[in-house]
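Student: In the order they appear, the protein sequences are chains A and B. Sequential numbering of the first sequence, starting at 1, is according to our numbering. Sequential numbering of the second sequence, starting at 1, is according to our numbering.
Source of the hints: derived by calculation from the structure; they are not laboratory data. Fair warning: this is a prediction, and the values are worked out from it, not measured in the lab. Check each hint, because a few of them may be wrong.
[Said to hold, decoys possible] Here are a few chain A residues that face chain B, going by a calculated C-beta distance under 8 Å:
1) T57
2) L76
3) I79
4) D83
5) N105
6) R130
7) W217
8) L219
[What the hints assert, rightly or not] Over 12 Å on every C-beta distance to chain A, these chain B residues come out as not near it, computed from the model:
9) D71
10) R190
11) P246
12) G251
13) Q271
All C-beta atoms, glycine included, are put in the ideal place defined by N, C-alpha and C.
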Amino acid sequence: MTGALETVGLGRRYRTTWGLRDCSLTVPEGSITGLVGPNGAGKSTLLRLAAGISRPTTGTVSIFGQEVRPNFTAHLTRIGYFDQLRPLYAGFRVDEMLGLGRRLNPSWDDVSARQWLDDLGISVKDKISRLSLGQQAEVALTVCMGKRPDLLLLDEPVASLDPLARRQLLSTLMGTVAERGTTVLLSSHIVSELEPVCDYLIILSASHVQITGSIEWMLANHRVLVGPRDGESPSGVDVISSAATGRQVTLLVRGMASDLGPDWQDLQPGLDEVVLAYLAQPPSGRSTSPVDRLPEPGEPS
Amino acid sequence: MIWLAWRRHRLALLVVGCTLVALAVWMIVDCHSFEVARHTYGRSGCIGTLLFCNGVSHGWFSFQNQAGYLDVLLFLVPCVLGIVLGAPLVAGELQAHTNRLAWTQSISRSRWLVIKWLVVGLSVVALVALMQVVVQWWSGHVLVNFLETSSLPGTDRISPRLFGITGIVPLAYALFAFALAAALGAILRRTVWAVVGTIVGYTAAAILMVFNIRPYRLFSPVFVPQVTSPNGNSVAFLPQSVLSQPAWNLGFGFRLAPGVVSPYSANEIAQRCQDRNYNYASYLRCLASHHVEMGSFYQSASRYWPLQWSEAGIYLGAALVLFGLTVWAVRRWRA
Numbered sequence: 001m002t003g004a005l006e007t008v009g010l011g012r013r014y015r016t017t018w019g020l021r022d023c024s025l026t027v028p029e030g031s032i033t034g035l036v037g038p039n040g041a042g043k044s045t046l047l048r049l050a051a052g053i054s055r056p057t058t059g060t061v062s063i064f065g066q067e068v069r070p071n072f073t074a075h076l077t078r079i080g081y082f083d084q085l086r087p088l089y090a091g092f093r094v095d096e097m098l099g100l101g102r103r104l105n106p107s108w109d110d111v112s113a114r115q116w117l118d119d120l121g122i123s124v125k126d127k128i129s130r131l132s133l134g135q136q137a138e139v140a141l142t143v144c145m146g147k148r149p150d151l152l153l154l155d156e157p158v159a160s161l162d163p164l165a166r167r168q169l170l171s172t173l174m175g176t177v178a179e180r181g182t183t184v185l186l187s188s189h190i191v192s193e194l195e196p197v198c199d200y201l202i203i204l205s206a207s208h209v210q211i212t213g214s215i216e217w218m219l220a221n222h223r224v225l226v227g228p229r230d231g232e233s234p235s236g237v238d239v240i241s242s243a244a245t246g247r248q249v250t251l252l253v254r255g256m257a258s259d260l261g262p263d264w265q266d267l268q269p270g271l272d273e274v275v276l277a278y279l280a281q282p283p284s285g286r287s288t289s290p291v292d293r294l295p296e297p298g299e300p301s
Numbered sequence: 001m002i003w004l005a006w007r008r009h010r011l012a013l014l015v016v017g018c019t020l021v022a023l024a025v026w027m028i029v030d031c032h033s034f035e036v037a038r039h040t041y042g043r044s045g046c047i048g049t050l051l052f053c054n055g056v057s058h059g060w061f062s063f064q065n066q067a068g069y070l071d072v073l074l075f076l077v078p079c080v081l082g083i084v085l086g087a088p089l090v091a092g093e094l095q096a097h098t099n100r101l102a103w104t105q106s107i108s109r110s111r112w113l114v115i116k117w118l119v120v121g122l123s124v125v126a127l128v129a130l131m132q133v134v135v136q137w138w139s140g141h142v143l144v145n146f147l148e149t150s151s152l153p154g155t156d157r158i159s160p161r162l163f164g165i166t167g168i169v170p171l172a173y174a175l176f177a178f179a180l181a182a183a184l185g186a187i188l189r190r191t192v193w194a195v196v197g198t199i200v201g202y203t204a205a206a207i208l209m210v211f212n213i214r215p216y217r218l219f220s221p222v223f224v225p226q227v228t229s230p231n232g233n234s235v236a237f238l239p240q241s242v243l244s245q246p247a248w249n250l251g252f253g254f255r256l257a258p259g260v261v262s263p264y265s266a267n268e269i270a271q272r273c274q275d276r277n278y279n280y281a282s283y284l285r286c287l288a289s290h291h292v293e294m295g296s297f298y299q300s301a302s303r304y305w306p307l308q309w310s311e312a313g314i315y316l317g318a319a320l321v322l323f324g325l326t327v328w329a330v331r332r333w334r335a
């Protein structure tokens, strides 16, 4: 299976530290994949590498089977990249930003871009510098969508919006994306924001991929086990995190415990619990646990 | 992309254009006051004999000062213009992170840069060219006339004071400063450092050009041997026939007689002869035995256009190299 985005051993080093290290993953075509991790985990680095703005120190990144090279336009016509800083030309009017998109992109869809802005209540005659931060983010997203990209790379797209605008923008975005069959990779550090819109999740922490998988798979394959602290650990599962309180221990495990003792409780975790467990995992334990690939569609999970 | 380059930099271009218009107005006013001054003081017979005519010449001197400011200002204009538009060309986008926007549209960054560079760079050249029309007229009217009547040295356009602000070299200076600022901006990634670097680099290049390349390297200067009277005392440097011609006098110096090959330069030999001989006559004998001639160098006024074209060519070549360097820096795939 070739994914919309594939990375092999991808790494990026800044002066002394690694922004992203040893990252191999596939984003399936047509999926909406969330990129979760704390600040500084490497989410933006991965997205910049995918957009071809940044150069990999190690490994490769390909889009629709084609290696990304910044001086070739082939991949550029297929991606829409939304930077977390939402750079726009501050002196331009909104319609001049649309003019920029129209002139630099052969696949530009002016009608739907204007329709989109109209729905968001932004006048095209306004100057960019006069708009609120949230509106600037919406204009930047409109410029991304106007290209009619096959792959959308969105770095914290709703970070500067209020909760209501967040929901509105995400639902408008997902509507258009579903209609066009666009693949989306979007980052956030808020899991609850991603859960309703994403099919897949990539969890990044300390420059490393902790785990990737569909949300469905993640929920089906992780359990919270609560049992006695000094009792025997359950067998047949990987312990991702454990927290002891008094005489009890709470484990988040991957896999199904075959024979749990009678003093163990087996609970269904929420997605944010699973994500937090992976983020809390020390990087040293990383090599033993992750499944660094997404399951094939239809593969039993 | 041409639209984007223009839209992105039109404000800076307009501001610069307005400044040049103001400068042109100043030149026109200056030209008018020159005519008035010549009328006033010329009639009293003071022009040409200023030293003997102090009471009347005060106004004339103040005029001289103003003309002096203008020609220094004009010398700086191409450099300033190049810096103002060149330094932020790439560095400004990198600092505002708008390169991330531009580099993810369906256009390669090389193309983005080449078009941007050409649109803004050629606008700079066009602006300086327009200004040169006024400068040419002003210098023809005022500066040449004024310098001649003051009987100061350096009356011809070949003299450094006029050479750098007339003809076509200002266009090349402007493009060079622009290319240098743009390249430094792309490499250092900060507008401020690009400005500082360009000032340093441009000044170094100008010094090297005026003191070394233009007088000696492009066309060998005319050499007039020193004439020594039989008693060895009276020495004439430039003959009157040369002095009366407009020329760029490079001053006293040494050269090896034609056809002589030596591992040392004429100046080195002259220095050694001077160190070993306290007597002037033996010093002269030392020079003669090593085939070193004393005399004066000058560039004749007829070299004006050959020198203009050569110098403009050198600066243009340097600008093209810097252009290539900028493309390389931008293609270098970092963010």
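Student: Does each hint fit the structure? Answer for all of them.
Tutor: Consistency of the hints with the structure:
1. T57: Violated - the Cβ of T57 (chain A) stays beyond 8 Å from chain B, reaching only about 11 Å at its closest.
2. L76: Because about 5 Å separates L76 (chain A) from the closest Cβ in chain B, which is inside the 8 Å limit, the hint holds.
3. I79: It holds, given that the least Cβ distance between I79 (chain A) and chain B is near 7 Å, below 8 Å.
4. D83: holds, 5 Å
5. N105: holds, 5 Å
6. R130: At 17 Å from the nearest chain B Cβ, R130 (chain A) fails the 8 Å test, so the hint is violated.
7. W217: This hint is violated: W217 (chain A) lies away from chain B, its Cβ roughly 32 Å from the closest one there, beyond 8 Å.
8. L219: violated, 34 Å
9. D71: holds, 36 Å
10. R190: holds, 16 Å
11. P246: Label holds. Min Cβ-Cβ 50 Å, cutoff 12 Å.
12. G251: Non-interface label stands for G251 (chain B): nearest chain A Cβ at 53 Å, farther than 12 Å.
13. Q271: Since the minimum Cβ distance to chain A is about 51 Å, Q271 (chain B) lies beyond 12 Å and the statement holds.
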